[in-house]
Every structure is written in structure tokens, then in C-alpha cells.
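Now for the letters of each chain:
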Amino acid sequence: MKLSDVLETTKKEPHCGLCRIDFLGTGVCSAGKKHGFVAYYPEGRMELARALAEHEVEPTEALRDIVNSCNLCGVCDRQCYFVTQRRPTQAQHALQDYLKTLPPEALKTTPEDDIVKGLRAIVGNSWATNDPIIIASYQRSVIKQKSKGKYYIAMPKTTEEIVAIVNLANSHKIPYIPRGNGTFFGVALQTLLAEPATIEQGIIIDLWRMKDLEVDPESITATIGPGVTSFELQKAAHAHKLRANVAEAESCVIANAQNLGIVTTWSNTYGWGTDNFIDAEFIDSTGTIQHLSDKDIPNPYAAEQGLLSLSLIPSVIITKLTLKLHQILPDEEAIFVPFTNLSDALDLAHELAQRNIGVSLAVLSRKYLTEFISPTHEIAEDFNHIAEKYLKLNYIVDVICDKYSKKTIEELAKVTFGQTMLKSLILGSSKLASMKDSSLLKMIAEEEDPLKAVFGGPMRKHFEKGLAASPKELVKVFDKDLQEFFEKLYSKPELTDSIWLHNFRILPCRMERKHMWMYRGGYMPGDKETILKVVDALEKPAQQYDIDGAFGFLSYLERGKLAHLEYDYYYDHTDPEARKRVNKAIVESWRRQFAIKGVTPLEFICSKGLHRKEHIIYPFLPGLSEEELGHFEELIETLFGGEDTW
Amino acid sequence: MVKYLSQEWAEQAKKKVLTELDKAKDLKNMNASLLNVVQNIPPDNKTIYYYIKFTDGNLDELITSTDESIKQKQADFIVAGDYTTFIQINNGQMSSAMALLKNRVKMTGNKMKALTITKPIDNYNRCVNGVPTDY
Ligand SMILES: Cc1cc2nc3c(=O)[nH]c(=O)nc-3n(C[C@H](O)[C@H](O)[C@H](O)COP(=O)(O)OP(=O)(O)OC[C@H]3O[C@@H](n4cnc5c(N)ncnc54)[C@H](O)[C@@H]3O)c2cc1C
Ligand code: SF4
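Protein sequences appear in the order of chains C and X.
Quick note: the first sequence, position 442, residue 442 per my numbering, numbers continuous.
Quick note: the second sequence, position 35, residue 1035 per my numbering, numbers continuous.
The set of hints was computed from the structure by calculation and includes no laboratory data.
Be a bit skeptical, because a hint or two may be false.
When the alpha-carbon atoms are kept at most 25 Å apart in a straight line, the in silico DSS-like pairs for lysine-lysine are as follows [unchecked claim]: (1) X/1106 with C/295; (2) C/173 with X/1111; (3) X/1046 with C/173; (4) C/476 with C/324; (5) C/173 with X/1106; (6) C/452 with C/472; (7) X/1111 with C/597; (8) C/488 with C/431; (9) C/442 with C/407; (10) X/1003 with C/597.
Ranges of calculated distance between the beta carbons of each label pair, as one might list FRET restraints [stated by the list, open to error]: (11) C/445 with X/1111: 50 to 60 Å; (12) X/1106 with C/620: 51 to 61 Å; (13) C/411 with X/1111: 41 to 51 Å; (14) X/1111 with C/211: 31 to 41 Å; (15) X/1092 with C/561: 39 to 49 Å; (16) C/109 with X/1111: 30 to 40 Å; (17) X/1092 with C/540: 26 to 36 Å; (18) C/302 with X/1018: 35 to 45 Å; (19) X/1011 with C/527: 35 to 45 Å; (20) C/109 with X/1047: 39 to 49 Å; (21) X/1018 with C/315: 53 to 63 Å; (22) X/1072 with C/295: 31 to 41 Å.
Which chain C residues face chain X? A few, computed with CB under 7 Å, are given here [stated by the list, open to error]: (23) 9; (24) 12; (25) 202; (26) 308; (27) 310; (28) 311; (29) 348.
Bear in mind that the values here come from a model prediction, so they are computed numbers and not experimental data.
The beta carbon of each residue, even a glycine, is placed where N, CA and C say it ideally should be.
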């Protein structure tokens, strides 16, 4: 197999980072675990195969080592296929065959320079490199593609080692940047945010080895290192029957905390930003170790607000975080309220938020529901079409609550469904997709209230029966050789358990299986009028620049006083034209959001996560005037050049 | 070639701005003063203060000095960063706004006012880039 044969796949590599954690119980790539650098993980092999195919890097001796470290056990195919339907072993086969074509002298050695020597003296020989092949595997997940800068990768194990790396970087006057699991970079580096989000040369501090994790069930807290992912923390918390307020499985909790403050569907109850952080240890730009609890540190709560507060590079490296965990109620249940229009969904969700009903509470879009629970993107598209055209199902108020709250919701809502139906939808999604133009669906569409007919009325039984939901049925759409594995996997209760899926969030990366996406949205007052204005402000640029835009999810915060909205732009990041259009849509969406009072676009929250949220959100920014928006456009031009240069 | 931030450099930079930039079009008739604190200059890590003041788009002052007393001029904005970053700004590799975004420089001063001068300051920097400079 040639590198060019898999280029279509490797170019699309989204760097979701899931193959670096054991989210399916398969174990993790053994070569990656042993060597640490991204290059040894499936994710890095994909990127490397692409970079070699596109002649962005010359082979070095490290390539032989990377290729030979893989025993083709196939774990990555199972993991990656579950999320994206891709098979990283194909990239490995292509790399193997490519290596065979190279004469031994083609594999260059990489001379050590003073900086890499210094790094190796700090972290040990195996954990620092300046090898271009290893560095190339970090492209698009912390290093800009085709960047000409000189980079180093270091994988420290302790806070003291990071201090020494910062001092080394300062003495050589080169920049450095921390990397968790690279998933924020994976999204941002495809867009005009690439330049401000990363460094043009210098030291990548890959924090993956720093996996200290301790749960203290007495104080209901956990203390973690910067390499601990949400999945790992949640698993440790669950062992004590506790829950962490974390986002998607593969993100490093500390990266997420500093970057966005961690906003989840649990945030109306558990809080967000500083609500959950007790103490942090961090290293400032002079290499000094500080703690949030130190009395005489510079005010850690001070944060800029507004247009000029955009800062995508952290000013400190957090090396330890103590955060709150939460007790799990014994009678938690999932309940879903389907809606045709957003306005009605917001009314109910806001009412629940104000009354603090629901431990987890969100308004989810049809797009999220169908993309997350469908086994393939094609099925998701059919499901999406069916939901829209026949079921009139566009939004869902998605709640996890106790039995008392459940009763209240059932009283308030016209129609609801629960775990049993969700399980049927997950396991029956491929069957549902095949029913696209069936008479059953046509009958449903003709009902006065299709949602009620399907989820609450007499047709519910026929509908569920029609889905013939079973793991065996579902996996028929998978590659033959993987069907047995997936049948067993989908037979595990957790894979269809709404609460488990909310806790462990292994599904959101399915958004990346067809195309890349870019998150839009941000924080805003929780009133419906503002939310609808923001949705419009995000929708219009998507339409204007021919981008596939869709509402993602909305969480209320602080009993509905505030809301966090995620709206997504989907686009083909391998197409330069599509990238340009998405950049234009991003800028236009900023412009439109800043014109609305109280709205802070998501990027303007970045790198302020550990700061007290009040300083970021309050006072509500007044909507910018036309004149100020004019200055904003000038700022954008100064930062990124004119539109034609993006 | 003149040495970056030397007296000769300051003189040439000022002359170039006065002759080449249009007060209204390029400098937007701005009224602002800015003190750049350029730190860690080799070989002995000294600091140079680089002060500019515009009145109605006219560059009144461009001073470089190692003397801290220049701080008494009470500039509207103070921008502090490493010598290496200021080189990147001066040779056009990075705009000062991008340096701010990348946490390479720290700025104090009214952010809303800063927004109004990003473009003229960028034009100023681009013009000064044209002075043949030795770092
Ligand atoms: C599919 C998907 C869904 C998401 N959903 C949510 C959501 O619901 N809620 C939410 O809050 N976020 C969400 N996010 C955002 C995501 O969780 C954050 O962007 C998070 O930072 C990603 O973690 P990471 O380890 O991959 O970070 P990286 O991409 O490695 O790093 C992100 C940023 O953090 C910095 N950083 C990394 N480690 C440290 C450290 N130790 N100290 C200081 N800075 C550091 C990096 O330099 C970078 O600026 C989502 C992202 C994806 C891809
Ligand atoms: S898409 Fe995700 S799971 Fe697949 S190789 Fe890339 S990072 Fe790993």
C-alpha cells in the first residue's frame, strides 16, 4: 500500500485524540504507551503518513523506530472506527511499505543541538527530541501545518522538570507551549486562529506523562496532573461513586479548565469556571512555581474582558489541580423532551434551570442527537433527515434528574421519552435509516403532532418494534472483520446507557468523522431573546459563506441567569476554499455576536478558565456600536491581514 | 544599517514616519502615547525604553533611552516584552496586536482606546520596518 493510497484518509485526520485513552476497554496502543510521543500513537502515524506523502518532511532514523514499534494488534482500528470509521492500521501498512522502498542511507540521523541536549538532561534521553519525523507528527495538533520553525518536543514527568524547561527556553529566548491531548489545537489550527493559538518555533511541552490522580472521597475532591483526561478522572471518581464535572472524554481536564473553564450539561447544578477549582499549582513565565492558595501571588482573578482580551496561549502552565467532585443521586434517570422548535425547547429548559430541576440539563440539537448516537455518518444523515422531515424532531431538552424532578418534567412537558427509547434509537439507528421512505414514517408525518404520536402515543410501540433494535442488527453496517467486536461492545449496558454516556462523553468526537468543525457561540444572558439573537448571529454567516452550520447544545448556568451556547460550523478542512469560507464566517460571527449586549464569544473566554468567571462575564459588555465594530474590523485586519490572505 | 533602538535608529525612524505617513489616512489623526519596555537585551539583559507620542496624527516624539525616568511621561499605553519579540515586531514577522494575543507582550492602558489605534500603530510599525536595521 502506498502513502498516496491512504492520503484521502490521512489528510482528514482530525486529531480527536481518543486513541490515546482506553475508552472502549480494548487497552491502548502499546507503542504509544511505551514511547509517549504522538508519533507512536495511531493519531501520529496518520499525520506522519500524510506529511510524508505530501513531502513536508524527510525520513529520519526515527521513522524506522516508529514503524517497527507497531505490532498491528488492531486496537486502534476498533477505537478509531468507533468514532470516525477510519482505520489507522492502513496508515501503518502504508508507512511499512514506504520504509521498505527506502535505501538505508535515506534515513538521516538528526544531530543534537544545545537545546535538545539541555532538554534531555532535564527529562531523560527518551523524552525529548528535535527529530523532524517526530515533530511532523505533532503538526495540526499543536504545530501549524508546513511551519518552517525549529521545534523541540519534551515530555516532562514532574513540575520541577517543567520549571527547568521554562528556564531553558527563557535562557535561549525561545517560546514554549504546553500541550494536553491536542484536541483544541486540532480544531483551532485549521482556521485563522492557528497563528494566535500556537508558537512559530520553540518547545512543545507534551504533558501526557503527568498522570498523577488522587481521589479524596472524604472531601469529595480529586487532585490531578496535567496529563489526566476527563475519561480517566471520571473513571476514578466513579470508583468512589462520585462524579466529576468534565467535558469530552479525551480532553485533559487541566487543559480544559484553563482553556474554557469546563462547561458541561451538568453546569447549571455543578457550576463552571472557578466554581469547581479549589487549588492549582502553576508555573509562571519566569519559571516560578505558584499556587492559587498562596497569599501573595499577583491577583489570579484579574482577567481582561472584551475585544482585546483574545488570548489563546496560556500565560502559565498548570501542573496540578484540586477540583470538586460531586455525589451521584441513587435514583438518577434520563428524560428527554422532544421539540419541533427552539423557542419552545428554550422555554421549558429555562423553566427547569430556574427551578434547579435536573442535575444535567441541556438543549440538544437534532444534529447532535443523530450524529452522536448513529454508528456511521451516513446513518446519522439519514436519521437527521427522518427526524426533521417525518418526526418533526429538531431539539431535545435533555435532562438527568431524580425521581421527583422527573415527575415534574412529565407534568410540564407534552411528551417525553426515557432510557428505553434512547436505547432503541441507538441500537435501531441503522434500521431507522433504512426506513427513510417507509409507509410507517409517512403515516407518522401525517399525524397532527408527530412527536406525540411517536414518543407518547399509540404509535410508540410500532415505532420501537420497527426499529428491531439489537447489537447484532446495528453492527451489520460495520466492516465485516470488526462486527464481532462491535456486537460484543454494543451488548455492554453502558454503551446504550444515557447516564453513562453523559458522564463519559465518548461520543462527541463523532462530529469529526466526516468533516472538521469549528465551535462558535459563547456565553450570554439566559433570556430567550438574547439566545435567539445569538443563534441568528451564528446562522447568518454560515449561510452567507455556504458553510454547513448547526445548533449544537445549550446549557444554562447559574439557574438560567446565563447560558452557554455551542453552535458548529462543519467544513472540509482539506479544502483550502472551504477553509477560507469558514474563516470569513468566523470573523462575521464575532462581529455579529459583539453587537449583542452581554455576549462573550467562546474564543474570548480562552485561557481565562482558572480565573474568577465574574471578571470575564460581568459587567455585561454593551453591544458594540458601528464605530467600534469598524475598529474591530481593523483589528482583525491587523492580526490576520485582509480577507484574501486567510 | 543602524542598531535597533539606538539614537541613530530613532532619528531615522522618526524621519521616515514624518515623511512617509499621512497623518489622516495612515495615522488616523491619533492622539496617543506609548511606552515600549524592551527587556532582556543582550549581552547583559538590559532594558531600553522606547517612547512614542502622537498628536493629531503627528509624531511629536520618538525617544529611546535606558533611563527609567522616561516613565514619568505617563504614556497612555505601556507595552512590555522581550527584545526578541520586539525584533519580530520591528522586522514585520509579527504585528504588535498578534504579539499581545500570543502573550508575548503585556499591555496596560485603556483597551477600548487601544482598539482605535491598532491600525495606525500597525501602519507606524510597517513604516519603521523600512529603516535598514541591525539587531
Ligand atoms: C468534540 C469536542 C467537544 C468539546 N466539548 C466541550 C464541552 O462540552 N465543554 C468544554 O468546556 N469544552 C469542550 N471542548 C473543548 C475542549 O475540552 C478544550 O478545548 C480542552 O482544552 C481540550 O483538551 P486538550 O487536552 O485536548 O487540550 P489541548 O488542545 O492540548 O490544549 C488546549 C489549550 O490548553 C493549553 N494547555 C494544555 N495543557 C495546559 C496546562 N497544563 N496548563 C496551561 N495550559 C495548558 C494549551 O496550550 C492550549 O492552549 C470540546 C472539544 C472537542 C474537540
Ligand atoms: S481520528 Fe481520533 S481515534 Fe482516529 S487516529 Fe485520529 S486521533 Fe486516533
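Status of each hint after checking the structure:
1. Simply put, residue 1106 of chain X and residue 295 of chain C have alpha-carbon atoms about 23 Å apart, close enough for the 25 Å limit, and the pair holds.
2. Restraint check: the Cα-Cα separation between residue 173 of chain C and residue 1111 of chain X comes to about 28 Å, which exceeds 25 Å; the hinted pair is violated.
3. A hinted pair counts as satisfied when its Cα atoms are at most 25 Å apart, and residue 1046 of chain X with residue 173 of chain C qualifies at roughly 14 Å.
4. Of the supplied pair hints, the one linking residue 476 of chain C and residue 324 of chain C is violated, its CA atoms being roughly 42 Å apart against a limit of 25 Å.
5. For the given pair, residue 173 of chain C sits about 17 Å from residue 1106 of chain X by alpha-carbon distance, which is consistent with the 25 Å threshold.
6. For the suggested pair residue 452 of chain C and residue 472 of chain C, the alpha carbons sit about 29 Å apart, so the restraint of at most 25 Å is broken.
7. Only pairs whose Cα atoms come within 25 Å are accepted, and residue 1111 of chain X paired with residue 597 of chain C is accepted, the gap being roughly 18 Å.
8. Under the criterion of a C-alpha separation no larger than 25 Å, the hint pairing residue 488 of chain C with residue 431 of chain C is consistent with the structure, at around 19 Å.
9. At roughly 32 Å between alpha-carbon atoms, residue 442 of chain C and residue 407 of chain C are farther apart than 25 Å, so this suggested pair is violated.
10. Between residue 1003 of chain X and residue 597 of chain C the CA atoms are separated by roughly 48 Å; this puts the pair beyond 25 Å, and the hint is violated.
11. A C-beta distance of roughly 53 Å is found between residue 445 of chain C and residue 1111 of chain X, which places it inside the suggested range of 50 to 60 Å.
12. Between residue 1106 of chain X and residue 620 of chain C the C-beta distance comes to about 26 Å, which lies outside the given range of 51 to 61 Å.
13. Between residue 411 of chain C and residue 1111 of chain X the beta carbons are some 49 Å apart, a value that agrees with the proposed interval 41 to 51 Å.
14. As the Cβ distance of residue 1111 of chain X to residue 211 of chain C is approximately 39 Å, the hint placing it in 31 to 41 Å holds.
15. Checked against the hint of 39 to 49 Å, the C-beta distance between residue 1092 of chain X and residue 561 of chain C comes to roughly 46 Å, which is consistent with it.
16. Checked against the given bound of 30 to 40 Å, the beta carbons of residue 109 of chain C and residue 1111 of chain X, roughly 50 Å apart, lie outside it.
17. Distance hint check for residue 1092 of chain X and residue 540 of chain C: the Cβ-Cβ separation is about 35 Å, which falls inside the suggested range of 26 to 36 Å.
18. Between residue 302 of chain C and residue 1018 of chain X the CB atoms are about 39 Å apart, so this pair conforms to the stated range of 35 to 45 Å.
19. Residue 1011 of chain X and residue 527 of chain C have their C-beta atoms about 58 Å apart, which leaves the hinted 35 to 45 Å range violated.
20. Evaluation of the 39 to 49 Å hint for residue 109 of chain C and residue 1047 of chain X yields a pass: the beta carbon distance comes to about 42 Å.
21. Checking the proposed 53 to 63 Å range against residue 1018 of chain X and residue 315 of chain C shows it is violated: the Cβ atoms sit about 37 Å from each other.
22. For residue 1072 of chain X and residue 295 of chain C, the Cβ-Cβ distance of about 32 Å falls inside the hinted range of 31 to 41 Å, so the restraint holds.
23. The beta carbon of residue 9 of chain C is not positioned within 7 Å of any beta carbon in chain X (closest approach about 33 Å), and the interface hint is therefore violated.
24. Residue-level restraint check for residue 12 of chain C is violated (minimum Cβ-Cβ distance to chain X is 28 Å; threshold 7 Å).
25. For residue 202 of chain C, the suggested interface contact is broken, since its CB lies about 11 Å from the closest CB of chain X, more than 7 Å.
26. Interface restraint check: residue 308 of chain C against chain X, minimum CB-CB distance 4 Å, threshold 7 Å, status holds.
27. Taking 7 Å as the C-beta contact cut-off toward chain X, the hint placing residue 310 of chain C at the interface holds, the least distance being around 6 Å.
28. For residue 311 of chain C, the suggested interface contact is upheld, since its CB lies about 6 Å from the closest CB of chain X, less than 7 Å.
29. Among the interface hints, the one on residue 348 of chain C is violated; its C-beta lies about 39 Å from the nearest C-beta in chain X, farther than the 7 Å criterion.
Consistency note: the structure conflicts with the earlier hints numbered 2, 4, 6, 9, 10, 12, 16, 19, 21, 23, 24, 25 and 29.
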